[in-house]
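Trainee: Each chain, written out:
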Amino acid sequence: MTRMLHELLRKYEYELLKCVYCGQCRYGCPTLSRIGWESSAPRGKVKLALAYAKGEIPFTEGLLDTIYSCSTCRKCNIECPAGLDVSEIIIAMRGELVSGKLAPPSSHLKNVESIRAHSNPYGQSREQRAAWAQGVLAKGNSDEIYFAGCTPSIKTPEIATSSTAILSTSGISPLLMREKENCCAGFLLRIGCRSDFERIAQENVEKLKGRRLIVSCAGCYKTFKGDYREAGIGEMDVAHLTHVLSDAIDNGRLRPNRSIGTTVTYHDPCHLGRHCSVYEPPRNVISKLRGVKLVEMKNSKQQARCCGAGGGLKSAFPRMALDIGEDRIREAEDTGASILVSACPFCKINLRDAAQRAGSSLEVLDISELVHRAI
Amino acid sequence: MDPSFLQKLVDSVGEENVSTREVDLYSYSTDVSVRYRHLPDVVVRPKDVEQISRVMKIANDHQIPVTPRGAGSGVAGGAVPVRGGIVIDLTGMDKILEVDLANQCVVVQAGVVHQDLNDKLAKSGYFFPPDPSSNKMCTLGGQIAVSGSGPHAVKYGGTRNYVLGLTIVLPDGYILRTGGKTIKRQVGYNLAQLFVGSEGTLGIIAEAILRIMPLPEWKAVVLAAYDNIENAAHTVNEILGNKMIPASMELLDNSAIKAVNQYRPQLKLPDVDGILMLELDGSKEDVKLQAQSIERICGKNQALSVQWSDDPKRRTELWEGRSVVGAATSRLMEKYARIYEGEDITVPIAKVVDAVKGVRAISKRRGIPIITFGHIGDGNLHPAVIIDKKDPEHWKTLDSVVEEIQELALSLGGTVSGEHGVGILRAKYIERENGPVALALMRQIKRVFDPHGIMNPGKLDLEE
Chain A
1 MTRMLHELLR
11 KYEYELLKCV
21 YCGQCRYGCP
31 TLSRIGWESS
41 APRGKVKLAL
51 AYAKGEIPFT
61 EGLLDTIYSC
71 STCRKCNIEC
81 PAGLDVSEII
91 IAMRGELVSG
101 KLAPPSSHLK
111 NVESIRAHSN
121 PYGQSREQRA
131 AWAQGVLAKG
141 NSDEIYFAGC
151 TPSIKTPEIA
161 TSSTAILSTS
171 GISPLLMREK
181 ENCCAGFLLR
191 IGCRSDFERI
201 AQENVEKLKG
211 RRLIVSCAGC
221 YKTFKGDYRE
231 AGIGEMDVAH
241 LTHVLSDAID
251 NGRLRPNRSI
261 GTTVTYHDPC
271 HLGRHCSVYE
281 PPRNVISKLR
291 GVKLVEMKNS
301 KQQARCCGAG
311 GGLKSAFPRM
321 ALDIGEDRIR
331 EAEDTGASIL
341 VSACPFCKIN
351 LRDAAQRAGS
361 SLEVLDISEL
371 VHRAI
Chain B
1 MDPSFLQKLV
11 DSVGEENVST
21 REVDLYSYST
31 DVSVRYRHLP
41 DVVVRPKDVE
51 QISRVMKIAN
61 DHQIPVTPRG
71 AGSGVAGGAV
81 PVRGGIVIDL
91 TGMDKILEVD
101 LANQCVVVQA
111 GVVHQDLNDK
121 LAKSGYFFPP
131 DPSSNKMCTL
141 GGQIAVSGSG
151 PHAVKYGGTR
161 NYVLGLTIVL
171 PDGYILRTGG
181 KTIKRQVGYN
191 LAQLFVGSEG
201 TLGIIAEAIL
211 RIMPLPEWKA
221 VVLAAYDNIE
231 NAAHTVNEIL
241 GNKMIPASME
251 LLDNSAIKAV
261 NQYRPQLKLP
271 DVDGILMLEL
281 DGSKEDVKLQ
291 AQSIERICGK
301 NQALSVQWSD
311 DPKRRTELWE
321 GRSVVGAATS
331 RLMEKYARIY
341 EGEDITVPIA
351 KVVDAVKGVR
361 AISKRRGIPI
371 ITFGHIGDGN
381 LHPAVIIDKK
391 DPEHWKTLDS
401 VVEEIQELAL
411 SLGGTVSGEH
421 GVGILRAKYI
431 ERENGPVALA
441 LMRQIKRVFD
451 PHGIMNPGKL
461 DLEE
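Protein sequences appear in the order of chains A and B.
Our numbering puts the first residue of the first sequence at 1, with every later residue one more than the last.
Our numbering puts the first residue of the second sequence at 1, with every later residue one more than the last.
The shape of chain B in the complex, shown without the other chains (with noise of 0.2 Å):
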């Protein structure tokens, strides 16, 4: 790389947050997921918007890419710089800013840690409700630029709804600041909405006006067991046909489950052939009403056992054990290991029963392991393809699996995405699900924000 360049880099960042020892090209060449790599030729490390904004206008100026990156723990290659040039590290811009209870809102920094955002507002009572399960060390603003959501979306929605407004640094360097600490704002186009879930194509998400919620005054987790999978999704249209919604809804296939226990013995989930996981939530009376009517309509689908439990250590246990499910179908079978392809397929709530079964089909018929879990609750599953990786054989058999999952999402009116978001990975889906208008469109709306085509290059399907 140009040494004037690097340089100007080191005058706009500082010394000690511009990169290009070999150590730190490799580990930015890739996130979670496997199949693309790509070393950058510099990493920056900025801690404010303006630094952003200085190293935006040297990219703008030299043209050249630049890939912004929160924690890594995207699945879809949408932080693997695959033009090379600048990966923009935002883990170092970690600060809350401002926590405005008057106004039910916090101001943060692009790095701060999910976790570290609800640990902060428990302490006075608040939290913020969309909660990947990677919260224990993805950014707020990785969640925002994948629209990353977890599983109380059900309840409480998507990130998207607590978005109130950002502060974004265009790929020329110009600061927008956009939206604000109202909760409703009807002047012109909602720009920032439309950074959410951008991936990082149109500009730097660089801090984010968050609406935050009071914590419920009670909680409790209840489990209920199947030896048929099927009836636990049959239980999930019940209940949301009975009217009650509760804080989210899992469900664990038998390997999951079996993954679970294998990474925290200590939460022993019956080995059955599924398991609901629910949370409720709200005042005491309440959460009791609503576990017992829950208790009802389990037991009607065939539920073999329900135990729900208001007990705070057993709650957080589940869901830790819960939360990284997904890993740890790793340690199912030795020399398997969990590929993200296909994994977060989102269909229509009533389709869910369909959907389970699909993707058990699919699994029966190629012959290969796929564990079944997810946010039942609204319609969003993250079904585990593993697979011996030194098989070639194995990888060949993925393609198909995948395709098969991604199609039988598309087939009940569903998405091959719902929270994870398109990178490389989806690219080729993005035509086929929004159609070729649509795309046409996205195109032209990223020439508008982006017209040297330097924000993240290679996702999307964005380049014509």
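Extracted from the complex, chain A is given alone in its bound form (with noise of 0.2 Å):
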């Protein structure tokens, strides 16, 4: 057993013999949804956890695959009567393997080192992830920095975009990072890399403290808020933009007073809502559009569906990931909504994959694009 195997049975070893195995973790799995075998429950990977801990089964790239497969959604925790923080141990797993270089998975890799090399999973340079911001004004000595994100900055920058003019209409303008921006780094650590998270996470506290961080990203919020402290790398002063704009329109500071007229569904992100328990603000701020009527799914709030693209799924696994997202698509079909809004760019990318390859009518926004249609 190697030492850092002890550390995990040390660190949840009375959590992982409270496990009774009674399987009430299998609910609303979004993994074992799809894959169907009990090796993909999270009962299962508690067991093989254990199991590897206590050398009973060796490594296998079976014991990869089932261990990645896993979007950290914490369903499972929320099921869990016995209280195991099943998605920790997980991700606790993922750790000692990473620590005894038998991963992350090869398709992990490619993300890791542009973290490394760019700050951001997806291989641009700093200028590229700070393209969107060109033309976006911000005072140089704002208390408040928005800080974009790698997603929102490269991949969809509408919500940057959005985001930024809904913040300046509110009468906030942050400061904007551009290209010193780095990556939040949750992505690393919910793979297992740790030593990577601890050394960006260190220099981002540098960088940041003593400023309120506004963020689009629910990946990011969760990492800023909770990830940073557990971790005993320093306290963050960070507000999801959906706190900011539902304080903004209550104050009167926002008033979206154009009509839109349509029906709104809202997905919860898991990062924002069993993560961070952030419910109500994203609603609120919905239901305060003018024309909007929102509708809640069937599995919402602490229930929510996973969209599959969270805990690096959907880089691992992305025809899985699509092929939760489209359960959840349907879901939000049977509310009759023409809008599925969330308020994260994983989310928000997840989804409108899984629309179109579903052929789904829905159209699927950040909520900052919604709320940036209503002014």
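Don't read these hints as lab results, they were simulated from the structure.
If a hint is listed, it holds; no wrong ones were tucked in.
Straight-line alpha carbon distances no greater than 27 Å define the calculated DSSO-like cross-link-like pairs of lysine-lysine that follow:
id: 1; chain 1: B; residue 1: LYS95; chain 2: A; residue 2: LYS298
id: 2; chain 1: A; residue 1: LYS301; chain 2: B; residue 2: LYS258
id: 3; chain 1: B; residue 1: LYS313; chain 2: A; residue 2: LYS293
id: 4; chain 1: B; residue 1: LYS313; chain 2: A; residue 2: LYS301
id: 5; chain 1: A; residue 1: LYS298; chain 2: B; residue 2: LYS123
id: 6; chain 1: A; residue 1: LYS11; chain 2: B; residue 2: LYS390
id: 7; chain 1: A; residue 1: LYS155; chain 2: A; residue 2: LYS207
id: 8; chain 1: A; residue 1: LYS11; chain 2: B; residue 2: LYS335
id: 9; chain 1: B; residue 1: LYS313; chain 2: A; residue 2: LYS288
id: 10; chain 1: A; residue 1: LYS54; chain 2: B; residue 2: LYS335
id: 11; chain 1: A; residue 1: LYS298; chain 2: B; residue 2: LYS120
id: 12; chain 1: B; residue 1: LYS123; chain 2: A; residue 2: LYS301
id: 13; chain 1: B; residue 1: LYS268; chain 2: A; residue 2: LYS298
Every value quoted in this text rests on a predicted model; they were computed, and no experiment measured them.
Put the complex together from the two separate chains, hints included.
Mentor: Here it is in structure tokens:
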């Protein structure tokens, strides 16, 4: 048994012993629903982590696939009667495999290398990362920073531009980090690359501390808000865009007066909802838009189904991520809504792609885009 | 495993539905039971009856053991492949084949998850009443195989009452369709009923025709709190004595209450010695009248407080909290976890008070925590023993405690299992409870269906 595995056992030993293997965690697990084999259930993964730590099973490609077939959505945590932090156990197991140089899987390596080289997982230069912000004016001495994040900066610039536009309309002109912005490193933590995470997190704390961050990305929010603190790296003052917009609307600083005239359903991003318990601000924002009717999906808030993109699932298993996204699209369609809104760029991308593949007529938007339409 | 044998399985169900990966073999080596573990040689996930039939023919020809499995939520080791061989995971057979409202029945594949069926039926105003607490993930095939019935058996009866017909794959691969959509049927032995509770030892339940019922117009939940749990048990007897049959009557002792409050703090159950949780259903007016009568009876039996609510949200939350109390007992004490043994005793209704007292006395005498809760309305208690799994002394005490709990049930004229089944865990009680002649008959029946003894071997003490 390696030293790190010993640590996994020590850290989670009693938690693992408390698991009664009742299987309640099977309910609503997105990857189990697509894979089907017991090994893909949260219970199966916990069993395998313990068995591997105890030396009962060897490392195999099957084990690697199984441990990385998880979006860390935390649905299992919500269900677990015995109170296990199942997704943290899975992340810890990934960490053990990375420490033993057995992981991450090859599908993640280019993302990891890109973060090390350019501080974003998409292989883009720092200049390319900042391209979205050309022409966006911002005061240079603000106490607030709009931290766009890698995905809005590179993959969904419409989220970054909509966000800054509506912040500006609300009277908030935050500083932009542009090419100096780093990855938040949440992706690295969730795929088990803990030392890389800690290095970048430390850098970010030094660079950003003392200012309030506003983020559009649910993953960035969870990372800054929870993971930096839990790792003992630092406390960050961070707000999700939906917090800021909700306050601005309630205080009358933002008046989205243009009527949209549509029915909207809201998808709770796992990192904003189950991970950070942010459920009401986005709903408050949507329900205050003129002409918008907000309808809930069958599974929402704590029970919301995962979009399929998180925890490195989309980069390791893109097809499965889309399958899971398609399940969510069907649930959204059942509400009769015309627009599916989320508050996370990963959710937007995966749900948009899933809707497209499924031939759905649903329009998939980020909440910043919806609000932008209303002003 | 012989490659040519594996190839035959692949040819039967497709490569994607056969696994010999280490992670899969390990994952299918256990169920909820903690003492039993054995690796299968291969796992298959068939999609329909014909695929099961093909697999069984191959297994029978090679005399390879076969262990059928649903969601693996059984607690008695019933799905543990103790002789290796093939595990047939039926969760891939998850289609609701027909909803026949005109005949008030459904036709389902064995791997349909209980809640998925009731979610679908609710849209038409119907439901499938027997609902094990594992209903969010247990499969209907598994439920039928152990005759798991849940809290609503008080009023609606157990799973057995709802099985109208089954499609069974016999060990030689023959597909036997028995029973049908009629509520009554009396032509020879009822083979479908023989398979209810047979725990995979006779053949594989592949599909089922199940009776369904119209959803009641209204429901309410009553919470009665007691400073002496025995008064809660007395209340149950008096409610039944007054010719009232609530939809369910559940008991939670103080530790069970604490476990539920830890799992779902928003429920804020009163911190008392015991709670009765009752569900009432019927017309709106009838539910109100029932609630008033029950409130009076609870008061007469020294209930500290009685609250009732017909708010669907509150009702759903309370039942959700109740449904997982068994596993939630693991939260109660640091380093302690629940062991599912001695957990399913059922006694005649009039002996419920004695059973509750008896379990408490065992806990006190042995110095080991036993949380008491269960379907008190039908005499089915689920005592939860919690131990420090790392302490060998606790395991020794556990053995004595379990034996005493089982003995208590038998001494009160009850049974060691109301709905969880025998598997390996309770195999030693099968003769004690049924007698040697009954066991000999069961063994003969087993031989008739399964002459090579390939179906779920090592369970129910059926091997001579």
